[in-house]
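Peer 1: Sequences are here, hints too, so could you generate the full structure?
Residue numbers (our numbering), protein chains in the order written: chain A, 14 to 365; chain B, 7 to 299; chain C, 207 to 645.
It is worth saying that the hints were derived from the structure and are not from the lab.
Possibly wrong hints are sitting among the right ones.
[Unchecked claim] With a Cα cut of at most 27 Å, we get these calculated DSS-like pairs of lysine-lysine:
1. B:47 with C:592
2. C:498 with B:47
3. B:47 with C:296
4. C:571 with B:47
5. C:291 with B:47
So the chains spell out like this:
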Amino acid sequence: MAKVTLRNVSKRWGAFIGVDNQSLVVEDKEFFVLLGPSGCGKTTLMRMISGLEMPTDGDIEFDGQRVNDELAKDRDVAMVFQNYGLYPHMTVHGNIAYPLKVRGTPKGEIESRVQEAARQVEMLDFLDRKPRALSGGQRQRVALARAIVRKPRVFLMDEPLSNLDAKLRVSMRAELKHLSNALKITTIYVTHDQVEAMTLADRVAVMKKGVIQQLGPPTEIFDDPANLFVAGFIGSPAMNLINGSVRNGRFITMGGTSTVAVNTPDRERVVLGVRAEDILVHEEGGGDLNVSVYAYENTGENVMLTLQFGQQRVTARTDRGLRKKQDEKVGLSFNPDRLYLFDADTEERIRT
Amino acid sequence: MTDRSFKYMFIAPAFLLVSATVLYPLLYAIWTSFHEWRLSKSRAPTDFVWFENYARAFFDDPAFLQSVGVTFTFIIGSVVSAILVALLIALLLSRQGKIYTVTRTIIVLPFAMSPALQGTSFRFFLNQEFGVFDRLIGFIFPFAAEIDWLGDSTWAMIWLILTDTWHWAPFLSLMLIGGLLSIPRDTIEAASVDGASAWMRFWTVVLPQLLPVLAIACVLKTIFSFKMFEYVYLLTGGGPGTSTATLTYYAYRQGFHAYDMGYASAIAFVLAILLIGVSVVYFRLLFPKEKEV
Amino acid sequence: MRRLHEKTGTILRSTLLGTVASVMTFGTALAEDLPYGLKSGKPYDGTKITYLAPVATQYEGHSERVAEFTDMTGIEVEFEFVPFKTLLEKILSVKVAGDSDPDVINYLDAWGPALKDMLVPLDDQMDADGISMDRYFAAHAAGATYDGEVYGMPLRGHAQLLFYRKDLLEKHGLDVPVTWDDLVNVAAVIKEKEGLGVANYYSPKNGQNIFTWVNLLWSNGGELIADGKVVFNSPAGVEALQYYADLENKFDVNTSGAKSRDPYESSLSVGAGNSAFFMGWWWHYGSRILGKNTTLQADQIGFTGMPAYGDKGVTFALSMPSGINVESDDKEAAWEFLKWVSNPDLEKRNVIEKADRNVIVALHKSNLTDEDVNEANRGLHMAGAKSLADSRIFPQLESWPEIQQLIANAISDVVSNGTDPQEALDTAAAAAQKLVDQK
Numbered sequence: 014m015a016k017v018t019l020r021n022v023s024k025r026w027g028a029f030i031g032v033d034n035q036s037l038v039v040e041d042k043e044f045f046v047l048l049g050p051s052g053c054g055k056t057t058l059m060r061m062i063s064g065l066e067m068p069t070d071g072d073i074e075f076d077g078q079r080v081n082d083e084l085a086k087d088r089d090v091a092m093v094f095q096n097y098g099l100y101p102h103m104t105v106h107g108n109i110a111y112p113l114k115v116r117g118t119p120k121g122e123i124e125s126r127v128q129e130a131a132r133q134v135e136m137l138d139f140l141d142r143k144p145r146a147l148s149g150g151q152r153q154r155v156a157l158a159r160a161i162v163r164k165p166r167v168f169l170m171d172e173p174l175s176n177l178d179a180k181l182r183v184s185m186r187a188e189l190k191h192l193s194n195a196l197k198i199t200t201i202y203v204t205h206d207q208v209e210a211m212t213l214a215d216r217v218a219v220m221k222k223g224v225i226q227q228l229g230p231p232t233e234i235f236d237d238p239a240n241l242f243v244a245g246f247i248g249s250p251a252m253n254l255i256n257g258s259v260r261n262g263r264f265i266t267m268g269g270t271s272t273v274a275v276n277t278p279d280r281e282r283v284v285l286g287v288r289a290e291d292i293l294v295h296e297e298g299g300g301d302l303n304v305s306v307y308a309y310e311n312t313g314e315n316v317m318l319t320l321q322f323g324q325q326r327v328t329a330r331t332d333r334g335l336r337k338k339q340d341e342k343v344g345l346s347f348n349p350d351r352l353y354l355f356d357a358d359t360e361e362r363i364r365t
Numbered sequence: 007m008t009d010r011s012f013k014y015m016f017i018a019p020a021f022l023l024v025s026a027t028v029l030y031p032l033l034y035a036i037w038t039s040f041h042e043w044r045l046s047k048s049r050a051p052t053d054f055v056w057f058e059n060y061a062r063a064f065f066d067d068p069a070f071l072q073s074v075g076v077t078f079t080f081i082i083g084s085v086v087s088a089i090l091v092a093l094l095i096a097l098l099l100s101r102q103g104k105i106y107t108v109t110r111t112i113i114v115l116p117f118a119m120s121p122a123l124q125g126t127s128f129r130f131f132l133n134q135e136f137g138v139f140d141r142l143i144g145f146i147f148p149f150a151a152e153i154d155w156l157g158d159s160t161w162a163m164i165w166l167i168l169t170d171t172w173h174w175a176p177f178l179s180l181m182l183i184g185g186l187l188s189i190p191r192d193t194i195e196a197a198s199v200d201g202a203s204a205w206m207r208f209w210t211v212v213l214p215q216l217l218p219v220l221a222i223a224c225v226l227k228t229i230f231s232f233k234m235f236e237y238v239y240l241l242t243g244g245g246p247g248t249s250t251a252t253l254t255y256y257a258y259r260q261g262f263h264a265y266d267m268g269y270a271s272a273i274a275f276v277l278a279i280l281l282i283g284v285s286v287v288y289f290r291l292l293f294p295k296e297k298e299v
Numbered sequence: 207m208r209r210l211h212e213k214t215g216t217i218l219r220s221t222l223l224g225t226v227a228s229v230m231t232f233g234t235a236l237a238e239d240l241p242y243g244l245k246s247g248k249p250y251d252g253t254k255i256t257y258l259a260p261v262a263t264q265y266e267g268h269s270e271r272v273a274e275f276t277d278m279t280g281i282e283v284e285f286e287f288v289p290f291k292t293l294l295e296k297i298l299s300v301k302v303a304g305d306s307d308p309d310v311i312n313y314l315d316a317w318g319p320a321l322k323d324m325l326v327p328l329d330d331q332m333d334a335d336g337i338s339m340d341r342y343f344a345a346h347a348a349g350a351t352y353d354g355e356v357y358g359m360p361l362r363g364h365a366q367l368l369f370y371r372k373d374l375l376e377k378h379g380l381d382v383p384v385t386w387d388d389l390v391n392v393a394a395v396i397k398e399k400e401g402l403g404v405a406n407y408y409s410p411k412n413g414q415n416i417f418t419w420v421n422l423l424w425s426n427g428g429e430l431i432a433d434g435k436v437v438f439n440s441p442a443g444v445e446a447l448q449y450y451a452d453l454e455n456k457f458d459v460n461t462s463g464a465k466s467r468d469p470y471e472s473s474l475s476v477g478a479g480n481s482a483f484f485m486g487w488w489w490h491y492g493s494r495i496l497g498k499n500t501t502l503q504a505d506q507i508g509f510t511g512m513p514a515y516g517d518k519g520v521t522f523a524l525s526m527p528s529g530i531n532v533e534s535d536d537k538e539a540a541w542e543f544l545k546w547v548s549n550p551d552l553e554k555r556n557v558i559e560k561a562d563r564n565v566i567v568a569l570h571k572s573n574l575t576d577e578d579v580n581e582a583n584r585g586l587h588m589a590g591a592k593s594l595a596d597s598r599i600f601p602q603l604e605s606w607p608e609i610q611q612l613i614a615n616a617i618s619d620v621v622s623n624g625t626d627p628q629e630a631l632d633t634a635a636a637a638a639q640k641l642v643d644q645k
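Peer 2: Here is the structure:
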């Protein structure tokens with residue numbers, strides 16, 4: 014069990030900056046998610062914690078002990094790789110036992126712990142198989158078992174679910190959550206999938222171009238995005254972002270349509286953010302604006318309406334009972350408590 | 007035309023080509039080996055002599071048996087040496103990056119060099135008076151300065167092996183580099199994180215995954231070691247005494263200096279049988295039939 | 207300096223005379239009287255023949271002057287040069303294939319017994335054209351003759367000589383060695399004072415290490431093979447081998463590296479100033495000892511006959527005759543070429559007008575004792591003539607090349623591995639006897 018601290022850590026390859034002077038504390042037993050698009054530096058950050066990558070600058074500490082100079086093998090971390098990293102020439106048993114074997118654990122203890130780990134991931138019946146005779150989900154479980162077979166100080170998971178199909182991903186996600194609650198080991202989890210981040214994390218760090226954009230619990234990231242990037246990255250569907258300006262206390266779109274009252278002094282070049290579920294759809298004539306239905310999509314659990322006014326389109330999440338036709342006229346209003354304004358140039362949130 | 011004859015029509019050219027270039031000479035050599043054929047007396051094989059040539063080799067020719075021993079010594083030495091050096095080079099160079107790509111291109115040069123040129127050069131390099139190797143070794147290990155490298159039976163064999171290694175290791179290392187680069191990186195990283203030292207990672211993760219390529223490299227090298235002729239001919243002349251006279255060299259002498267083509271063919275065919283036998287053993291050992299679960 | 211000038215002058219003069227003489231010969235050629243027994247009237251005009259020869263300076267000399275032959279006879283000659291190392295394989299492949307090309311084949315005398323099937327006996331033609339083997343030394347003539355019939359014209363042939371550093375012997379007041387014991391004593395002094403030893407060679411490569419030992423054997427009264435019996439393991443042979451090995455392991459007079467050395471490296475060792483003595487073929491004098499890279503001056507190198515083991519030295523001689531391919535389509539034209547290429551005048555011009563290559567080899571008795579030839583070559587040929595007068599050749603057996611290799615292996619084994627000479631020679635002799643006994 015360990016608290017992981019990063020102090021002004023950078024990683025550069027020549028002129029390319031992977032991670033740019035970042036500091037971070039992951040609390041003991043915390044489930045911490047690094048979230049961002051590919052190439053944002055999240056994997057690099059995690060690999061530096063594992064010891065597979067050495068930071069160019071800065072310090073990494075486990076429980077206050079600097080571990081920069083320790084090799085991966087000495088850091089006592091366990092890692093689950095995106096492609097599982099299973100040893101293809103060993104059986105499932107051999108794979109799970111490997112971390113214990115290389116540490117010289119007594120044979121009897123190895124046996125009982127392998128059995129226990131395999132039981133936890135429900136792979137007891139497959140111990141004699143080679144990885145190539147397993148399905149993707151089974152391989153994932155073996156990788157997990159190999160990580161939990163000993164009690165490492167930190168779990169590192171590098172997009173562990175990204176190679177699974179959508180259905181399996183959802184069930185494995187739940188198993189992961191369950192397992193992590195049971196094991197109570199500091200976990201650092203890298204993903205580009207915001208749903209995984211929202212569901213699993215105690216805290217999330219959203220990264221872009223080597224810099225952490227926002228760090229906080231999932232709800233805070235969702236409800237109170239620090240900037241335009243976080244706002245656009247978190248949430249499905251993505252937050253509606255409308256360019257315009259604020260005049261006389263109202264947000265005016267680029268096309269000149271006056272939309273909604275905002276409690277902000279007048280300013281040009283503003284982006285208004287509003288989530289799909291915070292757009293309210295009324296019958297024609299209702300709401301603040303008259304718009305037409307551009308597209309009607311029924312997902313089963315919701316109805317997604319894409320609405321057009323002027324040059325602008327927004328997506329609204331509405332009740333699954335709603336029935337509208339394309340080009341039908343409807344009214345629209347925004348939930349005034351859930352509006353986000355951003356500076357179009359700095360992309361920073363405009364707080365009032 | 008039926009489908010069946012159609013399919014034979016397609017493989018016919020390949021079959022004819024293989025027959026003409028491989029099968030015919032091989033069968034002719036076998037046929038010759040059962041005949042008396044003295045080049046000095048006749049330009050073609052004469053009497054059919056059953057297994058006389060083979061009997062002579064195994065029961066009445068100590069020099070033949072000795073050359074079998076020399077050949078196996080050379081094979082073991084050269085395969086081990088070439089593979090170890092190749093593995094070392096491969097481990098050093100199996101990285102991504104321009105400098106590694108360029109180095110890999112450069113180190114293959116020894117393989118491109120003609121064995122004749124290399125054999126002649128190495129003989130010169132090892133010369134006690136003019137040789138650069140001899141000077142260099144004498145400078146680093148003064149006690150070795152007086153050794154007549156090719157005038158000592160043990161050293162002559164060692165230098166034969168090293169000369170061959172110099173030629174083959176770079177090429178084999180390219181094979182191994184290919185093998186190493188195709189090993190999933192995350193398996194090696196997983197082993198690091200799992201707590202394995204570099205040495206253990208090599209033995210328990212890298213080497214087992216390299217084994218198929220390594221096996222092919224070994225088989226290939228063994229086959230070529232069996233056929234060792236050039237460096238014997240150019241470096242040692244089979245000497246001192248007959249301590250480096252390999253089977254191919256012995257067969258060559260029997261054919262072209264004792265003019266006994268029947269006997270030379272028999273020796274060559276024994277060589278072919280040994281070669282096939284060793285290859286089969288290799289594949290049995292390295293690719294045991296896996297039971298699929 | 208003045209003497210040298212005079213010498214050059216003489217060479218120039220004789221060269222000039224030679225050229226004038228050949229020009230005059232062309233003049234008379236019109237009058238239907240060709241030299242060397244060549245047929246006049248160009249009966250083979252337009253015939254094209256090929257000539258297979260090893261790479262050596264004297265053949266280049268032939269090639270350069272062959273236009274003279276074509277002018278006289280209308281026969282065109284194409285030279286096919288292959289390295290000596292692969293010459294036998296080339297000839298054997300011609301034999302197996304039954305090719306009609308090359309028409310004329312140059313071969314080593316020791317290969318003759320195995321190759322004579324593919325060669326045309328020349329006695330009748332020689333009689334008709336008045337050519338006799340008497341013009342050559344007995345050893346060279348014998349090398350081209352099998353069972354009393356002549357199969358080739360000796361075109362390249364060597365005498366064995368002892369080359370030594372004249373300047374060093376003079377410096378230490380030492381006499382030129384006559385016997386092997388003299389050589390050991392003199393060489394010991396030179397090695398101690400100057401650090402230069404004897405460039406002996408014991409490598410079994412191509413069976414060449416037998417060349418020196420066979421002098422010791424014959425000098426000691428031994429034989430290789432007598433009346434179908436292999437006898438080189440006789441006491442005389444064993445003693446000769448023990449003595450030969452002692453040069454390296456007991457007397458310690460050799461330049462280091464002898465166990466692995468071959469003759470080419472040995473003569474180079476003298477040329478490089480690392481050795482004071484070399485025993486071997488005279489051709490080494492021109493291209494190796496005084497070759498392009500040496501810093502030695504000609505007067506630093508002396509030469510004499512091979513040392514004697516008993517009272518009298520017996521040396522070994524070899525030659526390379528040229529014969530006519532029995533499958534050739536143009537045997538008459540080939541014989542015309544053989545007559546021309548073996549004529550003494552051509553040989554003499556070759557060793558005197560050296561151009562930029564140092565041709566040494568000559569075989570005609572008349573040339574070896576010729577004043578101009580000796581003047582142009584510092585008396586080398588006179589020394590060669592003396593050596594050849596008491597020289598012998600290897601037994602004329604089909605299997606001789608392999609027997610030679612067996613002995614070579616035994617010599618190397620004794621010197622390098624300390625094997626007992628008697629044991630090594632007995633083993634070789636047993637294997638050799640089997641080869642001799644083969645029908």
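Peer 1: Find the hints from earlier in the document that the structure breaks and name them by number, from lowest to highest.
Peer 2: 1, 2, 4
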